[in-house]
Amino acid sequence: MADKEYFASGHRGCAGCGMASAVRTILNAAGPNTIVANATGCLEVMTTGYPESAWEVPWIHAAFENAAAVASGVEAGLKARGRREGVNLFAFAGDGGTFDIGIQALSGMLERGHKICYVCYDNEAYMNTGIQRSASTPFGASTTTSPAGSVIPGKTQRKKPIAAIVAAHDIPYTATANIAYPLDLEKKVKKALSVDGPSFIQVMCPCVPGWGIPSEKSMEIARLAIETGVFILWDLEGADFKNIKITKLPPKPRKPVLDYLKVQSRFKHLVDKPDLIEKIQKEVDEKCKMYGID
Amino acid sequence: MVKEVIKGNFATAVAAKLARAEVIPAYPITPSTLFPEQISEFVNNGEMKCEYIPVESEHSAMSACIGAAACGVRTCTATSSQGLALMHEMLFIASGMRLPIVMPVANRALSAPINIWGDHSDTMAERDVGWLHFYAQTNQECIDLTLVAFKVSENKKVLLPSMIGLDAFVLTHTMEPVDVPEQDKVDAFLPKYESPYCWLDPARPMTIGSFATPEYYMEFKLAEEMAMERSSAVIDEVFEDFEKRFGRKYQKVVGYKTEDADVIMVMIGSMFGTAKAAVDNLRKKGIKAGLVKMTVYRPFPTKELYALVKSAKVVAIVERAYSYGHGGPLFADVSGAFYNMEKKPMMLNYIIGLGGRDIVPKDFETIYDKVKPSMETGKARMRVEWINVNEEAVKEAEGL
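Chains as they are written, first to last, in the numbering used here: chain L, 1 to 294; chain R, 295 to 694.
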């Protein structure tokens with residue numbers, strides 16, 4: 001634990017908010033010489049209600065789709081002032097601001113090679129606006145724009161593999177992380193800040209209202225995502241996927257996906273649909289095979 | 295002073311270099327492309343010390359400007375038309391965050407149909423975004439107004455961004471002789487920018503761009519308007535300072551033969567030069583016509599404009615933009631500004647030169663002919679008319 005906290009308590013996040021936990025871990029790992037560019041979203045809304053702020057480091061928010069572009073400008077501004085050295089520069093955005101509306105700005109930032117650590121706090125839907133599906137929402141999840149209907153049972157598309165897309169830009173460091181593994185996250189943040197160029201960390205963050213889970217269960221459910229193989233913890237330097245490192249292996253045998261699905265109300269309509277559960281299990285199995293876990 | 299024969303785009307790039315802009319994120323778009331080309335050439339040849347960011351869109355150009363300006367450095371970009379429209383969202387944020395970004399805009403028509411030529415639809419659609427608006431008539435004005443804009447925007451009483459309109463091709467791509475000011479004189483006019491309030495500095499953590507509830511929002515916006523109002527006097531001061539240092543006089547509005555004029559045509563941009571030739575012709579025929587050019591459009595120079603046109607019988611607003619379902623935006627602004635004046639001239643609106651349609655001296659004589667019956671009867675015949683359109687095409691459209 002850090003001596004000083006850089007993400008102050010008293011913000012308006014829900015009890016059990018996965019994102020708040022991630023941000024706290026990340027800021028404490030980075031320390032005081034840090035600047036954050038934040039996309040519009042839950043994180044911005046719950047931490048900066050004027051005239052209060054939960055940020056003990058300099059922080060800027062401009063809009064939704066452009067955290068990467070704003071951070072690019074901040075980097076250039078710091079360089080122009082001769083103050084770039086020693087400053088950890090982050091862009092924070094949710095999955096909507098990263099997978100969907102912000103992917104162009106993110107890709108531009110990666111291609112231009114800015115030394116920015118881009119953190120996607122991935123809670124798998126547009127939670128700030130009341131749980132709408134995003135490209136990160138997993139197959140089958142019920143959201144307000146992919147509701148579990150009598151004909152269509154939730155989201156029909158799969159989750160976009162954002163970290164692999166980012167890594168394909170051949171940047172120095174890409175990682176996935178999960179709030180249930182804070183030491184792994186901390187290590188990845190330090191690694192990301194040490195490289196010369198862009199880095200990217202996708203942090204899986206359960207959302208209590210969005211996932212329909214009890215507030216005291218967010219860590220447990222985040223861990224289940226790893227133990228079932230639904231979410232894989234890895235990191236990679238460069239774009240050669242042969243060099244991928246799995247940083248936390250699930251137990252052998254992996255827990256069944258049903259263990260993860262049945263504790264979240266966004267998936268509750270699937271529990272009595274064995275064909276869909278089987279489909280999800282099969283896809284997870286295939287993914288684990290692809291990543292060399294099984 | 296060095297006399298150079300240069301294009302309007304080049305003039306704005308030279309102005310950014312003379313201003314020692316420290317960060318320039320930019321994205322190419324016709325007819326503004328020469329700006330990022332020229333800046334990158336200056337930077338790559340070591341002629342300019344600047345962080346040039348070749349962003350992947352205009353939206354990101356303005357976003358990166360915002361990030362850089364929040365570090366307290368002099369920041370600039372340029373764009374046009376669709377590019378400006380793509381920035382739209384970020385323009386409000388730049389002004390709302392009180393960042394003195396400066397942006398020359400090559401005035402070009404908006405799609406559809408796609409068209410790369412000149413009119414003022416792009417900047418006119420951005421008149422409510424909290425930016426100062428300047429318009430150049432010549433390439434000399436492109437360079438001078440860009441320098442002026444930095445000085446006004448960065449003034450502690452203002453701290454608002456500025457855009458400078460320059461007409462597509464007529465200015466952007468046309469070579470004109472321009473007095474390029476010496477670097478030391480520009481340095482004295484425009485010293486290094488130091489943000490007076492806030493920048494992103496780990497030694498002094500600050501939250502910039504926070505979330506404001508209805509309890510606070512209006513005061514932020516009113517403060518912005520108060521700054522815009524204060525900018526009016528600052529513009530006058532800076533124009534005066536500029537004249538002392540560089541010998542060229544600028545005014546928010548410029549009149550031509552207005553003193554005794556019955557009809558005054560009010561306009562923006564390069565067509566002022568063309569219209570002068572028309573007024574000279576009309577004067578030769580004994581017609582008392584005059585002109586006004588608006589160099590500053592936001593803050594709206596009501597007082598200065600009224601002083602020039604109040605004695606005319608008719609004010610004809612001649613403009614290269616349109617607000618569909620109503621009329622020209624400049625017309626709406628002028629008539630709104632004059633509404634409570636005790637004595638006001640009749641006001642008529644003429645739409646001209648959209649999408650780069652040529653504007654020639656004869657067009658202004660046509661406008662005079664259209665004004666005449668209204669002036670003689672004292673009754674406005676038609677509030678808005680489009681000039682120099684294909685009558686057959688109009689008839690066909692009417693039949694739909």
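No lab work stands behind these hints, which were simulated from the structure alone.
Treat the hints with care, since some could be wrong.
Unchecked claim - Label pairs and their computed distance ranges (CB to CB):
#1 L:10 <-> R:406: 49 to 55 angstroms
#2 R:509 <-> L:209: 20 to 26 angstroms
#3 R:337 <-> L:170: 22 to 28 angstroms
#4 R:618 <-> L:241: 50 to 56 angstroms
#5 L:8 <-> R:331: 53 to 59 angstroms
#6 R:537 <-> L:10: 21 to 27 angstroms
#7 L:149 <-> R:617: 40 to 46 angstroms
#8 L:149 <-> R:620: 39 to 45 angstroms
#9 L:274 <-> R:513: 41 to 47 angstroms
#10 R:491 <-> L:8: 29 to 35 angstroms
#11 L:286 <-> R:491: 53 to 59 angstroms
#12 R:630 <-> L:195: 41 to 47 angstroms
Where a beta carbon is used, it is the ideal one built from N, C-alpha and C, also for glycine.
Honestly, which of those hints from before does the structure not fit? 5, 6, 9, 10 and 12
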